[in-house]
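Work out the full structure: start from the sequences and follow the hints.
Below are the chains, spelled out letter by letter.
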Amino acid sequence: MPNFVMSYLDPSVTGTPGAAGSQFWALIYVFIIFTGVSVAVMAMNWLERKALAHFQIRLGPMRVGPHGLLQPIADAIKLALKEDIIPAEADQFVFWVAPLIGLLAAFAVYVVIPFGPSQAVSDMNIGILFMLGVSSLGVLGIVVAGWASNSHYPLIGALRSSAQMVSYEVAMGLAVVSAILMTSMNASGTGTLSMIGIVQAQQQQGIWFIFKFFPLGFIAFGIFAIAMVAETNRAPFDMAEAESELTAGYHTEYSGLRWSLFMLAEYAAMISVSAIAITLWLGGWMRPFPNLLHAPAWDFIFSLFPGLTFLGLAAIAFIGTVRMPAHSFFRIQRAGLAAFAAVLGFIALLLLVIAVAGRSADASLAARFNQGIGYVYWFVLKVAVFMYLFIWYRATWPRYRFDQLMRIGWKVMLPIALGVLMLTAIVGVMVS
Amino acid sequence: MNPAMNPSSLPVGTPYFFYVLAGLAIAGGVLVITRRNAVHSALALIVTLLAVSGLYLMLYAPFVAGVQIIVYAGGIMVLFLFVIMLVNIDRAAKDRQFNRMWPVGLAAACVLLALFVSAIVKGKTLFPDRMMSLPESSNTQQIASMLYGEAGKMGQYTFAFEIASLLLLVAILGAVIMTRKKI
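Same order as they appear, the protein sequences are chains A and B.
Take numbering that gives the first Met the number 0: the last position of the first sequence gets the number 431, and nothing is skipped along the way.
Take numbering that gives the first Met the number 0: the last position of the second sequence gets the number 182, and nothing is skipped along the way.
In case anyone wonders, no lab produced these hints; they're calculated from the structure.
A virtual CB, placed ideally from N, CA and C, is assigned to each residue, including glycine.
No false leads were slipped in.
Simulated coverage check for chain B against chain A, where a stretch passes if three residues somewhere in it have a Cβ under 8 angstroms from a Cβ of chain A: (1) 32-44; (2) 55-66; (3) 74-84; (4) 137-144.
Structural data, given as structure tokens:
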């Protein structure tokens with residue numbers, strides 16, 4: 000038995016995810032990703048409230064913990080303890096199962112998301128198809144929830160949401176196909192649907208697909224970036240939960256833990272569509288300029304970034320500690336924030352030590368750790384930029400009217416996506 | 000068994016997965032026709048479709064499995080639910096079934112059963128007796144070369160594929176024309 004486990008722990012086994020013998024690692028990745036995504040959703044919840052508040056010149060949550068840092072935890076406890084109401088006239092079973100459908104669809108997508116060349120649960124050769132298919136199952140949860148509530152606003156929200164998601168999926172799929180076409184621009188002329196293969200194709204061709212055949216890749220990316228906001232029902236396309244028209248849309252009748260499952264699914268879906276966009280157009284786990292600046296010195300400089308990021312966060316937390324009012328009321332908060340700064344600083348130190356120890360490109364443990372941290376860091380950084388964009392959109396743009404939304408989806412985005420797809424194919428044939 | 004395959008990468012516990020998936024598909028199918036509530040039927044149909052897509056995966060046809068999820072479970076079933084939700088379920092459930100088509104249905108079911116039985120009886124000659132040596136990773140490429148052909152050559156199924164796409168195009172045009180007020 001110990002030998003069995005140790006054989007899995009041999010680092011050489013993890014070379015290709017999902018391949019021989021790495022079921023063990025796949026299981027570990029599943030746990031890590033599940034925890035990581037849940038924590039990221041909580042962090043995102045806090046960040047969204049804080050950033051939206053600052054956009055509107057408010058302070059946002061300030062009471063629970065320093066700068067409201069513990070607010071998501073307080074929210075989670077509140078939601079878990081709340082009374083769980085099922086309306087008397089609701090369809091009990093469907094009402095119960097709807098949030099689970101949404102949550103399962105949102106989390107199943109993470110099976111194929113590549114955080115690095117071997118940092119993934121599995122490398123399916125139909126990765127992107129699986130991803131589009133399973134994320135389109137998420138709408139079932141919303142539709143069924145709206146119907147099962149047996150109430151007017153949820154039903155209208157569900158109808159809107161299903162119409163909207165079906166419409167934008169078309170443009171989204173065409174944009175994805177044009178990116179997949181770009182993967183076949185190599186000597187053998189065969190493309191790939193594997194998420195890891197798509198990033199490797201960008202590495203081989205030495206260009207992120209957003210810049211390939213400029214402006215074709217850029218337009219396809221733009222279409223995807225718009226459609227993914229609509230797919231996740233976020234502002235300015237949040238017709239399904241337009242609070243000024245439908246109270247809360249499809250989850251009006253939900254409360255407590257079930258409601259929080261919907262929120263978890265929505266934020267998990269946001270992260271996963273951002274991950275698709277990053278994998279297809281923005282080079283996935285690759286650091287900026289991996290081919291142009293590939294000298295060991297550059298590798299070392301870029302490997303310092305994770306540590307420096309955490310150092311910056313620690314500095315912000317430290318400044319917050321110093322600037323806290325010198326009143327005895329803030330004593331506990333100050334101690335807490337100082338401890339948080341210390342933890343962030345310790346992580347930064349650890350990452351910097353790994354970066355320095357693993358700067359040689361040999362197969363030592365430190366070097367492997369260094370590489371892996373680099374991959375995951377750049378991927379997560381790109382996702383974080385997208386998450387901020389989602390908040391920024393919400394703070395900036397007013398909500399669309401439903402007919403405007405449909406017109407943009409069918410009469411603007413779909414023709415442009417078709418045109419880009421055809422042009423990409425033509426240019427690709429002419430180039431090769 | 001394909002000797003080129005790494006023995007440790009061979010699927011594990013295949014029969015159990017098959018029985019679970021097949022059981023799910025059958026249970027879902029039975030629920031589809033026994034539920035009075037149309038939304039429950041639709042949900043059961045989704046379970047069946049997903050189980051069938053799992054069976055495709057076990058047959059080393061990942062592309063078909065992915066398309067099954069996207070087209071049927073993701074696309075068509077959402078539209079099904081969209082329509083069903085607009086029906087007054089309470090009244091529809093109380094309505095007596097008004098069509099008298101059960102003899103035709105019975106005949107069709109018998110023909111289908113006969114087809115299945117004959118397929119099982121003649122299975123040895125109809126189907127290859129061993130696992131496909133097709134590498135999973137080139138499944139999509141193989142389908143493409145069957146449909147569109149390799150460089151210069153026409154594919155095995157190009158004609159049938161184009162006919163099917165024409166049929167779909169006609170259906171789309173019909174739907175567009177029906178939305179116009181005056182035809």
